[in-house]
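Listed below are the residues making up each chain.
Protein chains: 2
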Amino acid sequence: MTQKKSEILMDLALRKSIFFPSAEIYGDSFSGFWDYGFYGTAIKNKIIDCWRKDLVEKEGFVEIDGAQILPEKVFVASGHLNNFNDPLVQCEKCHSLHRADSLLGEEFELTEGTPTERFDELIKEHKIKCPACKGNLGKTRKFNLMMGVDVGATGKLKGYLRPETCQNIFLNFSRIQKTMRKNLPFGIAQTGKCFRNEIAPRNSILRIREINQMEIEVFFNPFKINEIEFFNEVEDFEVRVLLEGKKKEELIKAKELVSKKIVSGKLIAYYLSRLQQFYEGLGVPRDNLRFREVDSEERAFYAKEGWDFEVETSLGWIELVANNYRTDYDLKGHSKTSSTNLKVKEEDKEFIPHVYEMSAGVDRTLYVLLELALREEIKKGEKRLFLSLFPKVAPFVAGVFPLVNKDGLFEKAKEIYDNLLEHKLNVFFDSKGSIGKRYARIDEVGASFAITFDFDSLKDNTVTLRERDSTEQKRVAINSLPELLWKLSTQKTTFTQIK
Amino acid sequence: MTQKKSEILMDLALRKSIFFPSAEIYGDSFSGFWDYGFYGTAIKNKIIDCWRKDLVEKEGFVEIDGAQILPEKVFVASGHLNNFNDPLVQCEKCHSLHRADSLLGEEFELTEGTPTERFDELIKEHKIKCPACKGNLGKTRKFNLMMGVDVGATGKLKGYLRPETCQNIFLNFSRIQKTMRKNLPFGIAQTGKCFRNEIAPRNSILRIREINQMEIEVFFNPFKINEIEFFNEVEDFEVRVLLEGKKKEELIKAKELVSKKIVSGKLIAYYLSRLQQFYEGLGVPRDNLRFREVDSEERAFYAKEGWDFEVETSLGWIELVANNYRTDYDLKGHSKTSSTNLKVKEEDKEFIPHVYEMSAGVDRTLYVLLELALREEIKKGEKRLFLSLFPKVAPFVAGVFPLVNKDGLFEKAKEIYDNLLEHKLNVFFDSKGSIGKRYARIDEVGASFAITFDFDSLKDNTVTLRERDSTEQKRVAINSLPELLWKLSTQKTTFTQIK
Numbered sequence: 010m011t012q013k014k015s016e017i018l019m020d021l022a023l024r025k026s027i028f029f030p031s032a033e034i035y036g037d038s039f040s041g042f043w044d045y046g047f048y049g050t051a052i053k054n055k056i057i058d059c060w061r062k063d064l065v066e067k068e069g070f071v072e073i074d075g076a077q078i079l080p081e082k083v084f085v086a087s088g089h090l091n092n093f094n095d096p097l098v099q100c101e102k103c104h105s106l107h108r109a110d111s112l113l114g115e116e117f118e119l120t121e122g123t124p125t126e127r128f129d130e131l132i133k134e135h136k137i138k139c140p141a142c143k144g145n146l147g148k149t150r151k152f153n154l155m156m157g158v159d160v161g162a163t164g165k166l167k168g169y170l171r172p173e174t175c176q177n178i179f180l181n182f183s184r185i186q187k188t189m190r191k192n193l194p195f196g197i198a199q200t201g202k203c204f205r206n207e208i209a210p211r212n213s214i215l216r217i218r219e220i221n222q223m224e225i226e227v228f229f230n231p232f233k234i235n236e237i238e239f240f241n242e243v244e245d246f247e248v249r250v251l252l253e254g255k256k257k258e259e260l261i262k263a264k265e266l267v268s269k270k271i272v273s274g275k276l277i278a279y280y281l282s283r284l285q286q287f288y289e290g291l292g293v294p295r296d297n298l299r300f301r302e303v304d305s306e307e308r309a310f311y312a313k314e315g316w317d318f319e320v321e322t323s324l325g326w327i328e329l330v331a332n333n334y335r336t337d338y339d340l341k342g343h344s345k346t347s348s349t350n351l352k353v354k355e356e357d358k359e360f361i362p363h364v365y366e367m368s369a370g371v372d373r374t375l376y377v378l379l380e381l382a383l384r385e386e387i388k389k390g391e392k393r394l395f396l397s398l399f400p401k402v403a404p405f406v407a408g409v410f411p412l413v414n415k416d417g418l419f420e421k422a423k424e425i426y427d428n429l430l431e432h433k434l435n436v437f438f439d440s441k442g443s444i445g446k447r448y449a450r451i452d453e454v455g456a457s458f459a460i461t462f463d464f465d466s467l468k469d470n471t472v473t474l475r476e477r478d479s480t481e482q483k484r485v486a487i488n489s490l491p492e493l494l495w496k497l498s499t500q501k502t503t504f505t506q507i508k
Numbered sequence: 010m011t012q013k014k015s016e017i018l019m020d021l022a023l024r025k026s027i028f029f030p031s032a033e034i035y036g037d038s039f040s041g042f043w044d045y046g047f048y049g050t051a052i053k054n055k056i057i058d059c060w061r062k063d064l065v066e067k068e069g070f071v072e073i074d075g076a077q078i079l080p081e082k083v084f085v086a087s088g089h090l091n092n093f094n095d096p097l098v099q100c101e102k103c104h105s106l107h108r109a110d111s112l113l114g115e116e117f118e119l120t121e122g123t124p125t126e127r128f129d130e131l132i133k134e135h136k137i138k139c140p141a142c143k144g145n146l147g148k149t150r151k152f153n154l155m156m157g158v159d160v161g162a163t164g165k166l167k168g169y170l171r172p173e174t175c176q177n178i179f180l181n182f183s184r185i186q187k188t189m190r191k192n193l194p195f196g197i198a199q200t201g202k203c204f205r206n207e208i209a210p211r212n213s214i215l216r217i218r219e220i221n222q223m224e225i226e227v228f229f230n231p232f233k234i235n236e237i238e239f240f241n242e243v244e245d246f247e248v249r250v251l252l253e254g255k256k257k258e259e260l261i262k263a264k265e266l267v268s269k270k271i272v273s274g275k276l277i278a279y280y281l282s283r284l285q286q287f288y289e290g291l292g293v294p295r296d297n298l299r300f301r302e303v304d305s306e307e308r309a310f311y312a313k314e315g316w317d318f319e320v321e322t323s324l325g326w327i328e329l330v331a332n333n334y335r336t337d338y339d340l341k342g343h344s345k346t347s348s349t350n351l352k353v354k355e356e357d358k359e360f361i362p363h364v365y366e367m368s369a370g371v372d373r374t375l376y377v378l379l380e381l382a383l384r385e386e387i388k389k390g391e392k393r394l395f396l397s398l399f400p401k402v403a404p405f406v407a408g409v410f411p412l413v414n415k416d417g418l419f420e421k422a423k424e425i426y427d428n429l430l431e432h433k434l435n436v437f438f439d440s441k442g443s444i445g446k447r448y449a450r451i452d453e454v455g456a457s458f459a460i461t462f463d464f465d466s467l468k469d470n471t472v473t474l475r476e477r478d479s480t481e482q483k484r485v486a487i488n489s490l491p492e493l494l495w496k497l498s499t500q501k502t503t504f505t506q507i508k
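From first to last, the protein sequence lines are chains A and B.
The opening residue of the first sequence carries number 10 in our numbering; numbering runs sequentially from there.
The opening residue of the second sequence carries number 10 in our numbering; numbering runs sequentially from there.
The following block holds chain A by itself, in its conformation from the complex:
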């Protein structure tokens, strides 16, 4: 492709309303908020369904859904009120605002803990000016990224929109553990929105202010970090890692991550493996992914060990999932601030469980899957654009089309459509325009198959089933469709296996 993939995707996203700026009819001053249209919503929901099935249900974890607005004390305890800041600098001439760390660039080792004075020194030393007008920059100040909300009419109840979904999980840990009668290790999962007041949102849905997350917090006994039931299932699985200080990714077996003490224990190697398997299952090739070891300077303030799961795109490596060993940081903080006992008793020992977290961005996952699936090809002299998405994350499994809208073909195709819906198959009906255009339209949004009811169908009760990537067509019996599509959509059957 001559044009950059990210640009082609952006064109496509806007043209098909996969995702687009929120409230766009009111202009673009309010940046960092995006809406999903029909296809985007469908793909997003499919990604969440896959996560729920593969990483939550199969692991025996418990999903909850909590409030987005939480009282201030929660963020005193979590440390966000003090620590969740970006260094902000304002131009004295044009008054534009900038992130001091972004202006200075990556060569300086700037972290969450760097004091504001250090930024001022560096800005002075390297003669950094305003990128907009070349004016002088003022003093750096810390800008808290949480969005505050006044709750109720008294003006006395201060809340914040959660900056990460996991706080509900920590707050509810004790209750959920008891009512679900779970022994450690066990995980609580949550998907939903979180909010970060980014100073400079950018790259469409990659750096935004309103974020969709899927988070899992695994609670465990720190003395039993090497006791994890199904470790044997992953011990030979090759995890692709970029170790601290190394320039090149390498494949290391899960058991070696443990034996070479690259990770703190089997539990971490197990979930790194499961997460990589999950993303490979969504369609990310192994060569495009890695776990980047996060060094101590760069780690979040609550993390003892961190692995950023990243995927390579035309915009470089993008972090999709933060994997953090948060120790007992969170439960200890909430226990202390709320004066609640959050300890667990095991074999007469009482302790605060440790936490391993997999915090995934839904929006970034969606972006990456679309960019990796983007294909352009010339076929019979015509340019064809399509999204080669796996059926399980396609916005719908199949389009159902009557060849023409006469002689009862419309009604018969509609019957097939209704029947497939009844079988909980995600299908889409379209009867407008030439059949070629209808194919092209669903190819572009990544639907896997097209079913066409034609004149022969009236005679022999078969339809054509067309595969998106190869554009190959086969005739199949109408009554075989539900089972066939189920198998195709779970990748138990490939198109070539269909007789």
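Please keep in mind that the hints were generated in silico from the structure rather than gathered at the bench.
There's no promise every hint is true.
No copy labels: a pair is met if it fits in one copy or bridges any two.
Each computed PhoX-like pair below joins lysine-lysine, with the alpha-carbon atoms no more than 25 Å apart [stated by the list, open to error]: (1) K401 - K14; (2) K441 - K354; (3) K67 - K401; (4) K191 - K441; (5) K187 - K392; (6) K191 - K446; (7) K165 - K102; (8) K401 - K446; (9) K191 - K433; (10) K255 - K269; (11) K233 - K358; (12) K421 - K62; (13) K143 - K165; (14) K389 - K446; (15) K441 - K358; (16) K433 - K401; (17) K167 - K102; (18) K446 - K14; (19) K483 - K401; (20) K62 - K423; (21) K151 - K138; (22) K446 - K354; (23) K67 - K441; (24) K433 - K62.
Let chain A serve as the given structure and place chain B on it in line with the hints.
For chain B alone, coordinates are given in the frame of chain A:
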């Protein structure tokens, strides 16, 4: 039941963590926010799935998912900045805050449009005092129920958490209509959170500050309000209505709602019917539901015709869905304020489409389904509590249990569980405690069936399938389970039909 149903349900909800106060370890000052635990999340997701299937996909509507924070201009245009207020009054002695309309009660015809002076007059005239301390009340002021948010670091971008999910739909109408190539009438649906700064949240998840909604806005040509494709499917359907000024509900056929001019046109009668069918399908008996005609004084500021869909519970009639004929109010407002053309062209005529809305509360739907499903019975001298939920809204279809955890029964039961998950059946595994206790535990949260793998299963490859309500058991072949549970969960087969 001697105890009030709402109290029994609240006990159960807290005990099983179906729903519970958010951030409860920090006390109860921050009221009006609730979290859903495992069972609540599952039931909530099932309700949304049913809505998506029955009211969105089957109608050929388009679902979107938009930002929750929207710029101020949106709410200038929508009228919420001026009109979305509650009359607030403060006690001069104890400083407690109250809603003036609640203090006065229902006998006065107080509406959104009532001026604050009128409240002051009535309070004086009827000598209303502070309900907390009997002190004198101050002057009534308007309190806007939207929660404001500062976006970005400049302090100049004012946003609000959306007070209803539908504004995204209006903002995106034109884009979605074009990219989805839809003719009128067509609907856009959205589910997600909205936020209302209630002065006095109460009744657990019934009056809350963070609300889950499922909304559909149907856009149509006002000159064609009687042209709706599948009206014949509902014309004889009996809609249960409470007409303005009447004391008693009555059943009126959809076609009569139109011919007697009780509704503005067929389109409205059609969707009233579909909505009632949807809720009956979720398990609300016809005798417990009604569409209450909302009179002009009480209607929302944007509505020309309104029908509140209500369900009777132990707490009285509860509004679950606001059905409003919003005319061109919203699109006209946004078109004007944003200087965007939101007209549609049909047969050379240009016009702003009219809107019919079905705005449903997810939390209230969940509450009502649970309360209606609550059963207490004495069986063999023991009290049994269970939720008689329809399988499609049960937190899971079936529990899978090994009778005991030895002789390979655990592993075999786990195999069945994994296989059912593979078939996208929502199941739950439990191996702890006596089998009777395991039955009781899933009965209480409304799971429909229990599958037990026992010693006979090892010999003949059958398991016992137990039905929650009757507690009747049948032996069925293991390999028939996936199809059988699918049919049972979509109510195509009843338990008595199983041989």
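Comparing the hints with the structure gives:
1. Taking the shortest Cα distances, K401 and K14 sit within 25 Å of each other inside one copy (23 Å), while across copies they are farther apart (42 Å).
2. When the C-alpha separation of K441 and K354 is checked against a cutoff of 25 Å, the pair qualifies only between copies, where the shortest distance is 18 Å, while the shortest distance within a copy is 64 Å.
3. With identical chains, the CA atoms of K67 and K401 are at most 25 Å apart both within one copy (17 Å) and between copies (21 Å).
4. For the identical chains of this complex, K191 and K441 are inter-copy neighbours only, at 10 Å across copies versus 53 Å inside a copy, given an alpha-carbon limit of 25 Å.
5. With identical chains, the CA atoms of K187 and K392 are at most 25 Å apart between copies only, with a shortest distance of 23 Å across copies and 59 Å within one.
6. With identical chains, the CA atoms of K191 and K446 are at most 25 Å apart between copies only, with a shortest distance of 16 Å across copies and 54 Å within one.
7. Taking the closest pair of Cα atoms, K165 and K102 come within 25 Å of each other only across two copies (18 Å); inside a single copy the shortest separation is 37 Å, beyond that limit.
8. Taking identical chains as interchangeable, the C-alpha atoms of K401 and K446 lie at most 25 Å apart only when both belong to the same chain, with a minimum of 24 Å there against 38 Å between chains.
9. For the identical chains of this complex, K191 and K433 are inter-copy neighbours only, at 24 Å across copies versus 32 Å inside a copy, given an alpha-carbon limit of 25 Å.
10. Taking identical chains as interchangeable, the C-alpha atoms of K255 and K269 lie at most 25 Å apart only when both belong to the same chain, with a minimum of 16 Å there against 79 Å between chains.
11. For the homomeric pair K233 and K358, the shortest alpha-carbon distance inside one copy (13 Å) is at most 25 Å, but the shortest distance between copies (72 Å) is not.
12. Taking the closest pair of Cα atoms, K421 and K62 come within 25 Å of each other only across two copies (21 Å); inside a single copy the shortest separation is 34 Å, beyond that limit.
13. Taking the shortest Cα distances, K143 and K165 sit within 25 Å of each other only across copies (23 Å), while inside one copy they are farther apart (43 Å).
14. For a Cα distance limit of 25 Å, the shortest separation of K389 from K446 inside one copy, 15 Å, qualifies, whereas the shortest one across copies, 67 Å, does not.
15. Proximity of K441 and K358 under a CA criterion of 25 Å is satisfied inter-copy only: 22 Å between copies versus 68 Å inside one chain copy.
16. For a Cα distance limit of 25 Å, the shortest separation of K433 from K401 qualifies both inside one copy, at 13 Å, and across copies, at 12 Å.
17. When the C-alpha separation of K167 and K102 is checked against a cutoff of 25 Å, the pair qualifies only between copies, where the shortest distance is 24 Å, while the shortest distance within a copy is 35 Å.
18. Proximity of K446 and K14 under a CA criterion of 25 Å is satisfied intra-copy only: 23 Å inside one chain copy versus 57 Å between copies.
19. For the homomeric pair K483 and K401, the shortest alpha-carbon distance inside one copy (21 Å) is at most 25 Å, but the shortest distance between copies (35 Å) is not.
20. In this homomeric assembly, K62 and K423 come within 25 Å of each other (Cα to Cα) only across copies, at 16 Å, whereas the closest approach inside a single copy is 31 Å.
21. With identical chains, the CA atoms of K151 and K138 are at most 25 Å apart within one copy only, with a shortest distance of 19 Å there and 48 Å across copies.
22. Taking the closest pair of Cα atoms, K446 and K354 come within 25 Å of each other only across two copies (23 Å); inside a single copy the shortest separation is 64 Å, beyond that limit.
23. Taking identical chains as interchangeable, the C-alpha atoms of K67 and K441 lie at most 25 Å apart only when they sit on different chains, with a minimum of 18 Å there against 42 Å within one chain.
24. For the identical chains of this complex, K433 and K62 are neighbours both inside a copy (16 Å) and across copies (9 Å), given an alpha-carbon limit of 25 Å.
Going through the hint list in order, the structure satisfies each hint without exception.
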